[in-house]
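Q: Each chain, written out:
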Amino acid sequence: MEMIKVKNLTFEYIRRDEEGNVESINKAIDNVNLDVKKGDFIAILGANGSGKSTLAKHINAILYPTDGGVWVNGMNTAEEKNLWEIRQTAGMVFQNPDNQIIATVVEEDVGFGPENLGVPTQEIWERVEKSLEAVGMLEFRNSSPNKLSGGQKQRVAIAGIMAMKPQCIVLDEPTAMLDPNGRKEVIATVRELNKKENVTVILITHHMDEVIYADKVFVMERGQVKMEGTPREIFTRVDEIKKYRLDAPQVTELAYELKKAGVNLPDGILTVEELIEAIKLIKK
Amino acid sequence: MIRDITIGQYYPSDSILHRLDPRVKLIGTFLFIVSLFLFDSLYGYIAVAVFLVTIIKLSKVPFRFIAKGMKAIVVLMLFMAFFNLFFTPGNTIFQIWIIKITDNGLRQAIFMGIRLIFLILGSSLMTFTTTPNQLTDGLEKIMKPLNRIKVPVHEISMMMSIALRFIPILLEETDKIMKAQMARGADFESGGVLKRAKSLIPLLVPLFVSAFRRANDLAMAMEARCYRGGDGRTKMKPLRYQNRDYLAYTCVLAYFAIVIALGILENRLF
Amino acid sequence: MQIIFDKVNYIYSGGTAFARHAIKDISFSINKGEFIGLIGHTGSGKSTLIQHMNGLIKATNGHIYFNGQDIYEKNYDLRKLRSKVGLVFQYPEHQLFETTVFKDVVFGPTNLGLDKLECELRAYEALKMVGIGDDLLDASPFELSGGQKRRVAIAGVLAMKPEVLILDEPTAGLDPRGRDDILEKIAELHRDSGLTIILVTHSMEDIANYADRLFVMNRGELVMQDTAKVVFSHYKELEQMHLAAPQVTYVMNVLKDKGYRVNTDATTIDEAKEEILKLLQY
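Chains as they are written, first to last, in this note's numbering: chain D, 5 to 288; chain V, 23 to 292; chain Z, 390 to 671.
Just so you know, the hints here were simulated from the structure itself, not pulled from any lab data. We put the CB at the ideal spot given by N, CA and C, even for glycine. Be careful, since some hints might not be right.
Okay, derived cross-link-like pairs now, EDC-like style, lysine to aspartate or glutamate, Cα gap no bigger than 16 angstroms in a straight line [claimed, not checked]: (1) Lys247(D) x Glu664(Z); (2) Lys263(D) x Glu232(D); (3) Lys259(V) x Glu133(D); (4) Lys647(Z) x Glu281(D); (5) Lys259(V) x Asp271(D); (6) Lys198(V) x Asp646(Z); (7) Lys645(Z) x Glu130(D); (8) Lys61(D) x Asp197(V); (9) Lys667(Z) x Glu225(D); (10) Lys188(D) x Glu628(Z); (11) Lys287(D) x Glu628(Z); (12) Lys134(D) x Asp243(D); (13) Lys263(D) x Glu664(Z); (14) Lys31(D) x Glu225(D); (15) Lys263(D) x Asp570(Z).
Have a look at the derived ranges for each label pair, beta carbon to beta carbon [to be verified]: (16) Glu127(D) x Leu526(Z): 55 to 61 angstroms; (17) Asp659(Z) x Lys288(D): 22 to 28 angstroms; (18) Ala237(V) x Ile18(D): 21 to 27 angstroms; (19) Phe101(V) x Gly522(Z): 41 to 47 angstroms; (20) Ile286(D) x Lys517(Z): 31 to 37 angstroms.
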């Protein structure tokens, strides 16, 4: 069974005027299909307004499909009885680090989820400690969130989700408001959780350098999935990516330009090391 | 600027006072405030001062930090002192033109001032040593009986703790928006009342928009973490009285008894 | 020289018991029409520094000169300075407040006390400059997309007709195309209107394309002020300051370390491409 299954999902925003008549219908998601296996690291790329966040909110049952369906670990998100189990199974981290931390002390915030689930006190403490440890924030357990950097705040938010023992984490542009160091911190944390705790990860972003480690990348535009494949497959098609208001990591673009100029490089170079190796091969 | 106010802030430390049950501190603070109005003699003031100094020592909050918070209420104190000083009837001890200072006035001004300082010190000591969450937890538990008459105690305390979490964020945001508008030539300082009120619009509108956006985000984040009201919720830090709490209650009650005794004695003696 | 900082210090002492030396002994000068990139990791003092330039923060000591005048002199008109040195804060769309896009942009020039016609003309021009079409003038600023909102907010500052435009991370949170659009617009303003630009950014790849000089801040000090090529050649020192050089700089330096004869000062994709093609003899 897939961890997440999205089938023919369509979602329409209906705008009404003051009298309640339908003014316009906007298809935010247009017939999307998506399968995510347990333990996968999936990245969803897309420009602002491409529908990627709307898709994420369906996985957490914050929004419900207009048409089609979403299943989390076999549970249909449209059925109300599944609501809390779905939210516990697929935790969600949001963009703005300030607006998702509830408590004034780090450890109390991490405990918020388990408290809501009715976990016994003793176990809450164990979970909080383990989650903070997993994101490398244990030493800050008694700090005020206001004193932390953006990257640290996001790691606390991730710990807050981990304490609910989810099988899957959906991260909705978790790095959009962070500086490069904060971004690195968060992505490294997410990768580690994926590897060590075998948590399924769905990362939504428009930063290209964050997706190169993903197992699979989906590119969205205007509510549709336009490209899907491994990062290498996706970044082989730099021109197409640019069409969807995105770009490629600088080194990928450099390799792509060199290839266009006739240099015999392999497809989809993602890192500096790969490019160097390829050039070395040619020089031999 | 606004961020300099330390009243109501939490000062992290691991003192015995920090570890006390918030209910003890809430009830203790209440009794302390009541006690301030039960006496009117030098001995009373000494008793309160001794009690306060002991508590401050126990709290491990640096005195400088506390003193800084007091600066914010200097105006209020001067204001009170002014009224007491000049408008209390009694024997005149000093007079220029129609302004006269009476012995009672002087006495009142000094003692009321000291009382006010005690009051602020005592209550801010509670907030220095209690996290906002503990505070709301304590209030929630104390007010629990009100649940029976349909007062949404849990919701109120959740609202309070969220408000406390976001106050510093919104203050910072106010500062930022103010500067951004000043960079566009806005002037918040000059002009009459009407002009000044009008000049606040470019500050208040963005602030409200931002507060609503945050509220929206937060509500979503809370739901995503399975928040569904107080029913069936467990607590990470449930409130359970320890021995030290009973001891603290005893101390507070002893203090309270001493002050009452002093008050009664005074009436007999004077 | 348009802006001169002479040993400017700012010591921040509020909230905590500890005074913090936010910027230390900063001295530099910026010429009219220059494009400066200001880089430094979060908390290095960049934001504090730029707020000195238009007098929003007053230095603890040191002197700042704008067009030859000491801005701390008595009777110096700070509000006029703010109209000459336009400052666009981070996430500037959060300052929008009016009912329509046009009214919001008029706010700045109106504060300068200009007559109505002039204000509206300036607002119109400013909106044109950032590429906001006539169809959006009467829209509510809150209904626009993220990129559009940001451009309106930038127009709000441009309408004051500044000589210097300072932008604090104008591309934060935008998608790649939105980011390129804004940067192109800024480059265009620099090119066509002769504006002096000071751009605060975390993206080394972007700034390498545009800036004449880079200012590097670290722990409140201005540690480097030189061309992108020179600054990025110190990439190892930049890493110590939690910064990095563009990826292509790394490519060139690693190639050189491996014994290939390449020029390492490439900072853009085009330059790196030329160098590598030369190496591979194409």
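Q: Please name the hints from earlier in the document that this structure breaks, with their numbers sorted from lowest to highest.
A: Of the numbered hints, 1, 2, 5, 6, 7, 8, 9, 11, 12, 15, 19, 20 do not hold.
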